[in-house]
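K.L.:
When you get a sec, could you build the whole thing from the sequences and use the hints?
Respectively, the protein sequence lines represent chains L and R. Per my numbering, residue 412 is the first one in the first sequence, and the count goes up by one each step. Per my numbering, residue 412 is the first one in the second sequence, and the count goes up by one each step.
If you are wondering where the hints come from, they were derived from the structure by calculation, not from laboratory data. Each hint should be verified, as a subset may be incorrect.
Copies of the same chain look alike in the list, so a pair counts if it fits in one copy or across any two.
Cut-off 25 Å, straight-line C-alpha distance, at most; resulting in silico cross-link-like pairs (BS3-like, lysine-lysine) [what the hints assert, rightly or not]:
| # | residue 1 | residue 2 |
| --- | --- | --- |
| 1 | K733 | K772 |
| 2 | K768 | K567 |
| 3 | K566 | K772 |
| 4 | K612 | K566 |
| 5 | K768 | K733 |
| 6 | K733 | K416 |
| 7 | K707 | K591 |
| 8 | K416 | K543 |
| 9 | K562 | K768 |
| 10 | K612 | K562 |
| 11 | K567 | K772 |
| 12 | K733 | K697 |
| 13 | K647 | K562 |
| 14 | K768 | K707 |
| 15 | K416 | K707 |
| 16 | K543 | K768 |
| 17 | K707 | K647 |
The chain contents come next:
2 protein chains.
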Amino acid sequence: MLNVKTPEEVLNIIDCEFRELPGLRELLPLEQALGRVLAENIYAGEYVPDFDRSTVDGYALRARDTFGCSESIPAMLEQSGEILMGQAAGPELGEGCCRAVPTGGAVPAGADCVAMLEHTQDFGDGLIAVLKPVAPGENMIFRGDDVYPGKLLLKKGRVLTSRDIGALAAIGRPMVPVVKKLYVGVISTGDELVAPGEEPKAGQVRDVNGPMLSALLVAFGVRTVNYGIVPDDEEKLRQVLGSALEQCDAVLMSGGSSVGAKDAASRIIEDMGELLLHGIAIKPGKPTILGRIEGKPVVGLPGHPAAAWFVARVFVLPLLAKLMGRQQRSFTVTARLARSVSANHGRAQYQGVRLEKQGEKLIAWPIHSKSGLISDLAGADAYFCIDSDCEGMHEGAEIQLSVGDF
Amino acid sequence: MLNVKTPEEVLNIIDCEFRELPGLRELLPLEQALGRVLAENIYAGEYVPDFDRSTVDGYALRARDTFGCSESIPAMLEQSGEILMGQAAGPELGEGCCRAVPTGGAVPAGADCVAMLEHTQDFGDGLIAVLKPVAPGENMIFRGDDVYPGKLLLKKGRVLTSRDIGALAAIGRPMVPVVKKLYVGVISTGDELVAPGEEPKAGQVRDVNGPMLSALLVAFGVRTVNYGIVPDDEEKLRQVLGSALEQCDAVLMSGGSSVGAKDAASRIIEDMGELLLHGIAIKPGKPTILGRIEGKPVVGLPGHPAAAWFVARVFVLPLLAKLMGRQQRSFTVTARLARSVSANHGRAQYQGVRLEKQGEKLIAWPIHSKSGLISDLAGADAYFCIDSDCEGMHEGAEIQLSVGDF
Chain L
412 MLNVKTPEEV LNIIDCEFRE LPGLRELLPL EQALGRVLAE NIYAGEYVPD FDRSTVDGYA
472 LRARDTFGCS ESIPAMLEQS GEILMGQAAG PELGEGCCRA VPTGGAVPAG ADCVAMLEHT
532 QDFGDGLIAV LKPVAPGENM IFRGDDVYPG KLLLKKGRVL TSRDIGALAA IGRPMVPVVK
592 KLYVGVISTG DELVAPGEEP KAGQVRDVNG PMLSALLVAF GVRTVNYGIV PDDEEKLRQV
652 LGSALEQCDA VLMSGGSSVG AKDAASRIIE DMGELLLHGI AIKPGKPTIL GRIEGKPVVG
712 LPGHPAAAWF VARVFVLPLL AKLMGRQQRS FTVTARLARS VSANHGRAQY QGVRLEKQGE
772 KLIAWPIHSK SGLISDLAGA DAYFCIDSDC EGMHEGAEIQ LSVGDF
Chain R
412 MLNVKTPEEV LNIIDCEFRE LPGLRELLPL EQALGRVLAE NIYAGEYVPD FDRSTVDGYA
472 LRARDTFGCS ESIPAMLEQS GEILMGQAAG PELGEGCCRA VPTGGAVPAG ADCVAMLEHT
532 QDFGDGLIAV LKPVAPGENM IFRGDDVYPG KLLLKKGRVL TSRDIGALAA IGRPMVPVVK
592 KLYVGVISTG DELVAPGEEP KAGQVRDVNG PMLSALLVAF GVRTVNYGIV PDDEEKLRQV
652 LGSALEQCDA VLMSGGSSVG AKDAASRIIE DMGELLLHGI AIKPGKPTIL GRIEGKPVVG
712 LPGHPAAAWF VARVFVLPLL AKLMGRQQRS FTVTARLARS VSANHGRAQY QGVRLEKQGE
772 KLIAWPIHSK SGLISDLAGA DAYFCIDSDC EGMHEGAEIQ LSVGDF
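P.N.:
Below, the structure is given as structure tokens:
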């Protein structure tokens, strides 16, 4: 019998048994860093903005020169030049003077605020009337208001988004330290498998797990090496796994649904390394194996595609995240269950759903078929988990959906 | 004054004024189709499985041969061979006979169910005792139970996930019809801008919008053509926009924060085509322009990076989705607001947040700074929208977060 673990125990084993791989740092040009994992904390090295800056079109001036002014008694200031966009602010501004400045333009030394164009009037002959008092600091931001040297901008392990790319551009980081992509080997096993491009003969089916798991891994930001289809032959599997371990940081095997093959994978892992786990109390996905050979994780996934997908999504991705030092961020989306789902077997059950918007409400239709080979896969938008101590979920129940890689 | 539209009006203009581009279909190998937009409905062309299949290890047999049997009075059947994984099931099974079959193996004609190995006993001499009656159809799936010719598997416009790739593999689709990637031109305008790799001189800042918008577009699955930084020179901008329109399906311009530049973009669009929109009642992002030149959308985004990002995310991506025939699926995540946010200006307000998990609860910390140039961008995990008729959101309020491209 399998020594079956709960999902929590499995995640704990992953967390305790594996570590972030050393030496995975590489420098990439900013335009290639999107979606990559940040390899170190990013601190600003400079002030942003690096000069006092106007936030409006108007006149830079000294606030105290406008105290008490009004529309009927405007403050009359002498215009001392004009600041152009992208240019230095010019010499220090004297008392009783003002200088025209565009939004985003530099505010000169001496000035401590900007009067909005709308609250001024050009009297000609270099005289500007200010019709409303301006407070010190008004309508401007000061050097370093946004960012100052040493400020932590982005944390190690973050998956870089478009806005992070913007932030890195702003502080002048054309090269970004990111985590090198892992290589993960994918092996499909089974005498019954043929490649997706081939016509299956009697008793054969096409390999679904190879292309599907590769796609899941690629979407997660790793490189995959596809070792194709290996028949249920222990010696052959041992050879292919050996090659995969030489070339990759981790290896996924899937399949082996016949009795002998089921044992072969765990026997090989025990021979070549150590078995950390044999069986998870989930449905689908119970016959899952996790081991370590030469320090590298080797996962034996079930042959059933839906089972293989859930196990990869729920356990393999966190394992790879651990190796990469990638921060795991998983958020759930709330929806209403459109139809009751039964679950009554002492295992956590993962259930795929199709989503439908009804006004503001999100309705989740559980996907279910007798065999579930493709029907469980195609067109699902999300999934949820029914706890092992729960006998199912009723129609109308509020559920928490995972929508990653959907 | 700007003729300002509400966000709903803007989305309606986008929906009415633009159409799916014709001729964007291309065939890609399955392993390159992840994340691409499906160009047509995918119907199954065959049965899956294509043969009756066992779901257990056991013996294929005729159900009626086991009726009334028990542990004390087992049904004694003659073993007529063994079915191997991936092989044909062999000749039709005769009455009173059974044939060994592995999980996933083919069930022969004549048999209508499979007895589990655990409920049988091998008496030797080719005699198998079945200890428990088996119902017709038990422990097997029939040809086409999962998929049959003509079944709709995946809908046009869907962004292909790893499980969709699996489903396409299962039905033998090594080539997949997807929507060709759009080309979108990105132009940054402003005399004050320098490239991210350059040291800004007095009064200059680095171009944030170019790299940031390109990354957002790439994450959305389009190709970007970067036209670099164009100074606030109407003639120059007109030339660059003209080239971009020749090469691209849509063009984004951002910047132009000085008074003259603000008008230049809308003047150019009106000259070269038609202006559809000038100003959106949102914060940040009010000074947004949408036009059409030679049938192609041209968007003028604000220069402020956070404003440019929100407008691109909330309006430009749906516009591009429309051109691509991409199904828009946006789900929100529920969180609690950690700190009150004020909003009091008759405009819908987009607010970035950092997310923190406290046990099962998700806490959203609004990001706010005086200038917000980088602080609004770096490290945000999600955003939410405060309606224009709302004076803000209180600490502890339940909010609905958008987490796309985060």
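K.L.:
The structure should be examined with respect to each hint, and the outcome stated for every one.
P.N.:
Do the hints match the structure? See the list:
| no. | hint | in the structure |
| --- | --- | --- |
| 1 | K733 with K772 | between (35 Å within a copy, 23 Å between copies) |
| 2 | K768 with K567 | between (36 Å within a copy, 18 Å between copies) |
| 3 | K566 with K772 | between (35 Å within a copy, 22 Å between copies) |
| 4 | K612 with K566 | neither (53 Å within a copy, 29 Å between copies) |
| 5 | K768 with K733 | between (35 Å within a copy, 19 Å between copies) |
| 6 | K733 with K416 | within (20 Å within a copy, 47 Å between copies) |
| 7 | K707 with K591 | within (17 Å within a copy, 39 Å between copies) |
| 8 | K416 with K543 | neither (72 Å within a copy, 31 Å between copies) |
| 9 | K562 with K768 | between (42 Å within a copy, 23 Å between copies) |
| 10 | K612 with K562 | between (63 Å within a copy, 22 Å between copies) |
| 11 | K567 with K772 | between (36 Å within a copy, 24 Å between copies) |
| 12 | K733 with K697 | within (23 Å within a copy, 42 Å between copies) |
| 13 | K647 with K562 | neither (55 Å within a copy, 38 Å between copies) |
| 14 | K768 with K707 | neither (43 Å within a copy, 31 Å between copies) |
| 15 | K416 with K707 | within (21 Å within a copy, 57 Å between copies) |
| 16 | K543 with K768 | neither (52 Å within a copy, 47 Å between copies) |
| 17 | K707 with K647 | within (20 Å within a copy, 57 Å between copies) |
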